[in-house]
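Residue numbers (my numbering), protein chains in the order written: chain F, 1 to 139; chain R, 1 to 288.
Simulated from the structure, these hints should not be mistaken for lab results.
A quick note: this is a predicted structure, and the numbers were derived from the prediction, not measured.
For every residue, glycine included, the Cβ atom is placed at its ideal position computed from N, Cα and C.
Everything hinted at is true.
Quick partial rundown of chain R residues pointing at chain F, CB under 8 angstroms, derived from the structure:
(1) 44
(2) 48
(3) 51
(4) 157
(5) 160
(6) 243
(7) 258
(8) 262
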Amino acid sequence: MRRYILSTILLAASSLSLQAQGLCAPIADRCEQHITSEYIPDGQFYRALLQGEEVAEFGMTLFGGTTYRLAACSGDSDGLLLFAVYDRDRNLLFTNKEHSAAPYWDLAISNSLEVTIEAYLDPARSGSGCAVLLVGFKK
Amino acid sequence: MGLVLTLAACGGSDTPPQDTVVDSSQVAKGAEDARIVQLGGRNFSIPSPVQAAYAIRGAGLNYNAALLAGTDKAGAITERPRRSLFLGMLGADMAYVTVHGDGQKALATLQTIERVGSELELSNAFDRALIERFKSNLGSEDSLLRFSGVAFRAADQYLKDNDRMDVSTYVLAGGWLESLHLTVSDPAAADNAELMARIGEQRRSLDDLVALIGSLPADEQDLRLLEGLKALQVTFSGITSTYTYEAPVTEVAKRTTYINSKTGVTITSEQFARIATQVSELRSMILA
Numbered sequence: 001m002r003r004y005i006l007s008t009i010l011l012a013a014s015s016l017s018l019q020a021q022g023l024c025a026p027i028a029d030r031c032e033q034h035i036t037s038e039y040i041p042d043g044q045f046y047r048a049l050l051q052g053e054e055v056a057e058f059g060m061t062l063f064g065g066t067t068y069r070l071a072a073c074s075g076d077s078d079g080l081l082l083f084a085v086y087d088r089d090r091n092l093l094f095t096n097k098e099h100s101a102a103p104y105w106d107l108a109i110s111n112s113l114e115v116t117i118e119a120y121l122d123p124a125r126s127g128s129g130c131a132v133l134l135v136g137f138k139k
Numbered sequence: 001m002g003l004v005l006t007l008a009a010c011g012g013s014d015t016p017p018q019d020t021v022v023d024s025s026q027v028a029k030g031a032e033d034a035r036i037v038q039l040g041g042r043n044f045s046i047p048s049p050v051q052a053a054y055a056i057r058g059a060g061l062n063y064n065a066a067l068l069a070g071t072d073k074a075g076a077i078t079e080r081p082r083r084s085l086f087l088g089m090l091g092a093d094m095a096y097v098t099v100h101g102d103g104q105k106a107l108a109t110l111q112t113i114e115r116v117g118s119e120l121e122l123s124n125a126f127d128r129a130l131i132e133r134f135k136s137n138l139g140s141e142d143s144l145l146r147f148s149g150v151a152f153r154a155a156d157q158y159l160k161d162n163d164r165m166d167v168s169t170y171v172l173a174g175g176w177l178e179s180l181h182l183t184v185s186d187p188a189a190a191d192n193a194e195l196m197a198r199i200g201e202q203r204r205s206l207d208d209l210v211a212l213i214g215s216l217p218a219d220e221q222d223l224r225l226l227e228g229l230k231a232l233q234v235t236f237s238g239i240t241s242t243y244t245y246e247a248p249v250t251e252v253a254k255r256t257t258y259i260n261s262k263t264g265v266t267i268t269s270e271q272f273a274r275i276a277t278q279v280s281e282l283r284s285m286i287l288a
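With the rest of the complex left out, here is chain F:
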């Protein structure tokens, strides 16, 4: 019985992984285009399968004297993924919701700070899908 449950979980996990891979790969390829040649990719890949009102979040340290490019993509066209950047006191620093759901935006950082980035699907345009967030930077 235990083996059966474990197998079921592994199968489900494997299936979800394949699902994520299939959904996310073309989105990642498209999103990569927004990290243009001026920017150095941070070497990491961030993705989440979102449904409804789910919010994907992650924290990062942004270093002073650096301009970061955030690219946020989902679905088969730009503008489906909304994202917001908050400081450690939960002050809103930026959201693409105020800029026609722009698929990428630059943050020029004067002093290092810790931020939280939240990404969620535009409920008016998408009910579920893979959210991909890519980060590049330049001096």
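Chain R: place on chain F using the hints.
Using the frame of chain F, we list chain R on its own:
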């Protein structure tokens, strides 16, 4: 439901040294957090080693090839966690030699990355084509750093697609540790306020790494590394920082927002020395 099966919970930036339990229920920590899921199985980002390399160069520290992990160690490191850590260290070394204009060393490092990457079944990201592109752009620092970033991102994507979070995590940890090693190994760093602040700003990344490794299945955790990083956390917990919010300014035409908030970090020379020692010990353990 889908993500709950595959995600590991992680601590936040202020998480004190503690064991992190893998429990999908922690994906939702409260009513307000119930909608929150994590990107790629973790909820944070580790700074790129390229940024550390830039900071080292910007501070005017001398280039010292003797600090590198050593490409000759590739054959001796066979266990998967250490091999993954070593790959991350090589990535940081490559950033360091590249920003210091040592193209030949960069190429040698990349060739070792290809070898170690192949041993970790990452040939999709680190292959002969990458080396050829690298060779033909040896004079262009930006191109080399970009190739490297694209390759490490491709590797990270492949690892996540294939549920190999252990390798992904250790590559990040190795890169972070090596970057810190390259920063603190020169005593002159202690005289540079900007670099000292940068060291202190690594606290959150360290917390995140500890949470990340702690969230791996028990049989994939490198316990010695984890203990070493937790000891390092104790040292970092004594570093003080301040933060003052200032309203950002956005230039819509440039698609740019200027973040002007102020941060201050205070790190003592004793803390610096302690960090240097602990990082050296951890690194020796990996490369032994």
